[in-house]
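Given the sequences, and given the hints that come with them, work out the whole structure.
There are 2 protein chains.
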Amino acid sequence: MQPIVQQTNSEATMSPKISTKQDTKTALLETGIEIMLEKGYSNTGIQEVLSKIGVPKGSFYHYFDSKEDFALQIINYFDGFHTATLLRTLRNPDATPLERLRIYCRNGIEKVSSAQCRRGCLIGNLSQEMADQSEVLREALSLVMQKWRDLFAACIEEGQKAGEIRSDCSAHDLAEIYLSGWEGAIMRAKITKRIDPMNIFMEVTLEHLLKG
Amino acid sequence: MQPIVQQTNSEATMSPKISTKQDTKTALLETGIEIMLEKGYSNTGIQEVLSKIGVPKGSFYHYFDSKEDFALQIINYFDGFHTATLLRTLRNPDATPLERLRIYCRNGIEKVSSAQCRRGCLIGNLSQEMADQSEVLREALSLVMQKWRDLFAACIEEGQKAGEIRSDCSAHDLAEIYLSGWEGAIMRAKITKRIDPMNIFMEVTLEHLLKG
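For the record, the sequence lines run as chains A and B. Each residue of the first sequence is one higher than the last, beginning at 32 in the working numbering. Each residue of the second sequence is one higher than the last, beginning at 32 in the working numbering.
Since the hints were made in silico from the structure, they are not lab data. Here the structure is a predicted model, which means the values were calculated and not measured. Treat the hints with care, since some could be wrong.
It does not matter which identical chain is meant; a pair holds if it fits inside one copy or across any two.
In the BS3-like style, the derived pairs of lysine-lysine whose C-alpha atoms are separated by at most 30 Å in a straight line are [stated by the list, open to error]:
(1) 142 to 178
(2) 83 to 192
(3) 98 to 52
(4) 88 to 178
(5) 192 to 56
(6) 242 to 98
Okay, structure coming up:
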């Protein structure tokens with residue numbers, strides 16, 4: 032959901048020298064994320080990932096059973112970082128719940144903007160592409176999104192209790208709308224190659240639609 | 032945006048006998064839509080389309096310059112039917128603007144539901160998949176969505192004038208949110224394989240968020 036990949040270990044991704052097994056796996060996952068974000072699952076070739084970091088094919092199958100398993104581990108790896116960001120942002124005690132949602136949006140907008148409105152959200156992209164193609168990936172993606180939605184719901188519920196967010200709808204339903212609206216806005220930014228749809232989402236949703 | 036393809040010429044699609052040139056082209060387009068909706072652009076093979084309706088490869092290149100050109104013509108063909116549906120629904124004089132938006136949602140929900148939450152919206156799917164892969168397709172998809180958004184905006188503006196829809200945001204911005212939220216909700220239905228996200232979108236957006 033954070034629209035582009037967290038640069039958590041860019042040294043490992045960029046470096047031609049990989050010294051440990053863990054480094055190799057991390058490099059494969061991070062390079063896979065980079066390429067899959069840009070091209071999607073179907074257009075990502077294992078060979079392209081391997082060539083980019085100079086790892087032999089045997090290494091890949093040491094860590095991953097298949098391309099599908101690679102994508103599954105990519106989803107979990109990406110989710111780990113993104114959930115940490117979500118927790119940090121949505122439980123920030125120095126901001127009100129509505130301000131936290133705004134900080135989250137603003138960070139996402141900055142990232143999509145700095146990527147020239149390319150790539151988008153890895154989880155959203157894979158969901159759109161793979162929902163009908165792989166039951167294994169669909170289940171993993173669905174669980175990740177459900178977890179994110181529940182984190183939004185907890186923040187929204189806090190805002191409702193404080194009277195900052197409207198209470199005529201459940202926090203669950205507002206979080207569902209928030210998540211799907213945000214994913215839709217990222218897709219609109221990608222297709223228009225303009226950041227406006229994401230700015231409009233942030234302004235209209237937070238300044239008007241959700242206000243208590 | 033209407034989540035699944037209009038069954039406009041299913042006879043031509045299903046029939047093994049294609050009698051005219053126009054029938055052949057239509058059959059190629061409609062079969063292409065069916066397969067692309069399910070599998071996306073990258074996973075759609077021209078040979079699969081041809082085999083399904085028993086047309087030789089030469090015929091394909093008589094009508095289409097390339098796979099990209101095929102997708103472009105599919106987008107325009109699909110848009111033709113869908114814009115007609117949108118116009119009929121969003122300018123229906125027997126319903127209020129908010130009711131028209133509800134009818135549009137309800138029809139979409141029925142279609143996604145009857146497809147077991149598979150497939151989704153052709154334009155949304157291709158946007159997510161191809162925005163960074165083909166500038167030709169990106170421009171076409173962006174124009175189609177812009178037209179749909181403007182049709183929503185006209186309906187919303189009518190609702191604002193009648194006091195049925197809130198007026199503290201522009202019709203343009205509310206339409207942008209409506210379009211991206213709807214596309215996001217279709218994606219959420221696909222990934223959860225449940226219709227709930229679309230129902231929540233309809234109920235919360237029309238009964239609460241947009242209300243004047």
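For each hint, the structure was consulted:
Proximity of residue 142 to residue 178 under the C-alpha cut-off of 30 Å is found in both arrangements, the shortest distances being 22 Å within a copy and 27 Å between copies. With identical chains, the CA atoms of residue 83 and residue 192 are never at most 30 Å apart, being 50 Å at best within one copy and 57 Å at best between copies. In the homo-oligomer, the alpha carbons of residue 98 and residue 52 lie at most 30 Å apart inside one protomer (19 Å), although the nearest pairing across protomers, at 42 Å, exceeds that limit. In this homomeric assembly, residue 88 and residue 178 never come within 30 Å of each other (Cα to Cα): the closest approach is 34 Å inside a single copy and 47 Å across copies.
Proximity of residue 192 and residue 56 under a CA criterion of 30 Å is satisfied in neither setting, with 44 Å inside one chain copy and 59 Å between copies. In this homomeric assembly, residue 242 and residue 98 never come within 30 Å of each other (Cα to Cα): the closest approach is 44 Å inside a single copy and 47 Å across copies.
Taken one by one, the earlier hints fail for this structure at numbers 2, 4, 5, 6, listed in ascending order.
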